[in-house]
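Novice: Using the sequences plus the hints, can you model the full thing?
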Amino acid sequence: MNAIANTSTMATRLSATGTANALELRGVSKFFGALAAMQDITLTVKPGERRAVLGSNGAGKTTLFNCITGDFLPTSGVVRMFGEDVTRFPPHDRIRRGLRRTYQISLLFGGLTVIDNVYLACRGVSRNRFSLIRPGRSDALMHSAAELIEAVHLTDVQETLVSALSYGQQRQLEIALALAGAPRFILFDEPAAGLSPTERRDLIDILNNLPGHMGYIIIEHDMDVALRVAESVTMMHNGRIFKEGNPAEIEADPEVQELYLGGGFTHG
Amino acid sequence: MAVTEDTSTAPINGKPQSWWSGLSLSSIPTPYWFVGAFMLLLPVLVGPFMLFQVFGWALILGMIALSLMFLGGYGGMVSLVQMSVAACAAYMLAIFGDSAITQISLGWPWWVAIPIALVIATGFGTLTGALAVRTEGIYTIMITLAIASAFFYFTRQNYVLFNGFSGFNGVKPPQLLGVDWRQPIPFYYLTLFWAAVAYLSVLYVSRAPFGLALQGVRDNARRMEALGYNVTAHRIAAYVFASFIAAVAGILLVWLNGQVSPGTAGIGPAIDILIIAVVGGLARPVGPFIGAIIYVLLRTFALDFMVSMGLSGERFQLLVGLVFLGIVFWSPDGILGLWERWRNRMNSTDRLTGETRDKDGGSEA
Chain A
1 MNAIANTSTM
11 ATRLSATGTA
21 NALELRGVSK
31 FFGALAAMQD
41 ITLTVKPGER
51 RAVLGSNGAG
61 KTTLFNCITG
71 DFLPTSGVVR
81 MFGEDVTRFP
91 PHDRIRRGLR
101 RTYQISLLFG
111 GLTVIDNVYL
121 ACRGVSRNRF
131 SLIRPGRSDA
141 LMHSAAELIE
151 AVHLTDVQET
161 LVSALSYGQQ
171 RQLEIALALA
181 GAPRFILFDE
191 PAAGLSPTER
201 RDLIDILNNL
211 PGHMGYIIIE
221 HDMDVALRVA
231 ESVTMMHNGR
241 IFKEGNPAEI
251 EADPEVQELY
261 LGGGFTHG
Chain B
269 MAVTEDTSTA
279 PINGKPQSWW
289 SGLSLSSIPT
299 PYWFVGAFML
309 LLPVLVGPFM
319 LFQVFGWALI
329 LGMIALSLMF
339 LGGYGGMVSL
349 VQMSVAACAA
359 YMLAIFGDSA
369 ITQISLGWPW
379 WVAIPIALVI
389 ATGFGTLTGA
399 LAVRTEGIYT
409 IMITLAIASA
419 FFYFTRQNYV
429 LFNGFSGFNG
439 VKPPQLLGVD
449 WRQPIPFYYL
459 TLFWAAVAYL
469 SVLYVSRAPF
479 GLALQGVRDN
489 ARRMEALGYN
499 VTAHRIAAYV
509 FASFIAAVAG
519 ILLVWLNGQV
529 SPGTAGIGPA
539 IDILIIAVVG
549 GLARPVGPFI
559 GAIIYVLLRT
569 FALDFMVSMG
579 LSGERFQLLV
589 GLVFLGIVFW
599 SPDGILGLWE
609 RWRNRMNSTD
619 RLTGETRDKD
629 GGSEA
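Chains A and B, in that order, are what the protein sequence lines are. 1 is the number of the first residue of the first sequence in our numbering; add one for each residue after it. 269 is the number of the first residue of the second sequence in our numbering; add one for each residue after it.
Bear in mind the hints are in silico, worked out from the structure with no lab data behind them. By construction, the Cβ of each residue, glycine as well, lies at the ideal position given by its N, Cα and C atoms. Where hints are given, some of them may not hold.
Stretch-level coverage of chain B by chain A, calculated; a stretch enters the list once three of its residues show a Cβ under 8 Å from a Cβ in chain A [stated by the list, open to error]:
(1) 471–477
(2) 480–486
(3) 578–584
Specialist: Next up, the structure:
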């Protein structure tokens with residue numbers, strides 16, 4: 001993962017942002033008609049903080065992500081990124097400010113090769129998105145793309161069409177796309193879902209080896225993964241925040257155990 | 269790289285190279301030499317009628333269908349307005365330049381009239397795109413169809429600017445460098461040149477960041493937004509590029525026909541462009557040109573063919589329709605798809621034994 005650290009100019013950009021929180025949600029709600037998918041969420045994440053969001057299906061975790069990225073506009077409340085109010089920003093403006101996300105169900109470009117997928121991700125957060133000039137062999141973004149592909153162990157298939165990749169490979173590519181450019185804050189939506197034990201170990205390594213200033217929120221059903229990659233935990237239930245704390249507290253909390261660990265979820 | 273349509277990307281760890289580095293002669297694949305030589309030598313092989321009415325017309329229709337292929341194949345946006353954009357350029361050239369309708373035509377020199385016509389037609393296509401890009405699939409088709417028919421009825425009813433039903437005739441290419449560009453051979457080379465420019469630029473742009481991003485938008489617009497792309501702006505930019513190609517073709521079209529009238533941009537011609545692109549194949553920029561030559565050959569010779577078979581000549585549209593139906597029925601991805609499947613079968617079967625062999629060559633590798 002040195003590749004990611006090398007290609008980013010994070011340190012300089014981070015120092016410019018001062019002490020502002022990476023992410024700040026104030027009373028954010030999202031209604032679909034009469035259905036409250038998410039209600040009155042107030043959440044603060046410091047720069048570089050790594051947090052897990054837990055909760056059963058329908059607890060509002062993915063809705064939370066969609067409101068942070070701007071895929072949905074919240075019904076009420078304020079979303080701030082690095083001190084800036086981004087509540088009404090379209091997704092691409094938030095991405096250009098350093099936010100990234102992965103999707104629970106891979107959203108990739110099936111008609112393009114692996115390298116083109118990652119190249120697009122690198123290009124998306126840099127200049128000349130409309131360039132009519134083909135990238136040359138020495139193109140810096142092509143370099144970054146190749147390094148990212150190496151970091152997620154896809155170098156062997158970099159010329160393969162994405163639609164021909166295995167499920168596990170697509171999940172890895174999903175992560176590579178989110179690491180492109182210079183991310184400041186990443187939202188991982190169940191990155192371990194459907195991965196083999198080996199692939200899970202790789203994933204945990206990738207997450208733990210991210211540069212320290214790169215904070216993230218990870219939605220994860222697998223407690224083993226979640227508690228090993230996060231330093232703080234937010235439990236959601238029925239669209240509201242139910243508990244917050246460090247992994248040990250959450251794991252020991254009787255209410256959490258009742259609701260989550262005992263609630264029919266397999267542990268691991 | 270260069271002018272090939274393959275999906276390979278240049279090796280990463282090469283020596284520093286600039287964008288034009290792949291454009292050396294040796295990197296041009298063999299089929300291009302053959303097709304190129306054939307097209308260049310065509311005036312020796314066929315007469316003026318074939319050159320002007322068949323190949324000239326096919327190249328122009330191919331360019332208009334190419335603009336649709338760029339939007340549809342790379343951008344996932346099927347636009348039926350491309351023919352109207354071409355007709356708009358044709359009308360503007362007739363209005364600002366010379367025509368037999370001297371009460372309306374301003375008679376400005378060609379080097380003023382052509383740029384104005386291109387800008388206005390491209391602007392018209394871009395505006396249509398700006399309206400259409402917020403919709404998807406069938407709604408894009410409906411909006412562009414609505415604008416195409418509005419353009420048709422407007423030109424037919426407006427006499428002040430568009431001269432109504434009869435349109436403009438007597439629109440001629442300029443006499444330049446001592447050449448009469450309306451003569452079959454010069455005109456053929458003129459259209460061949462611009463068709464080649466349009467084809468190569470679409471091919472080139474498809475592998476440039478803008479074209480790649482457009483294919484990304486086609487595959488997954490939501491993810492593109494989540495990678496920092498303004499999807500709407502990207503789609504509109506695709507309309508600018510495609511409309512410009514259609515506008516250039518429109519200028520050539522009015523020179524070919526010598527006239528432009530509402531019928532040029534009717535619903536029929538608009539749908540013909542879609543048929544050409546689909547029959548040829550939307551996957552690659554060469555598809556529309558294949559579709560166009562088939563279309564023009566059928567339109568030109570179906571009538572004679574019907575008569576020679578002892579059938580009534582007026583029914584030639586039936587034959588045209590049947591051939592298209594047959595192509596789309598046997599190969600939903602057009603002639604290109606047919607050819608690709610045939611090539612794959614040739615590559616994967618040993619021609620002597622009929623046995624299947626693996627892709628990388630002989631069975632005893």
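Novice: Against this structure, judge whether each hint is valid.
Specialist: So, going through the hints one by one against the coordinates:
1. 471–477: holds (count 5)
2. 480–486: With 5 residues in contact (Cβ-Cβ under 8 Å with chain A), the coverage given for the segment 480–486 of chain B holds.
3. 578–584: violated (count 0)
This entry does not satisfy hint 3, going by the numbered hints stated previously; all others are met.
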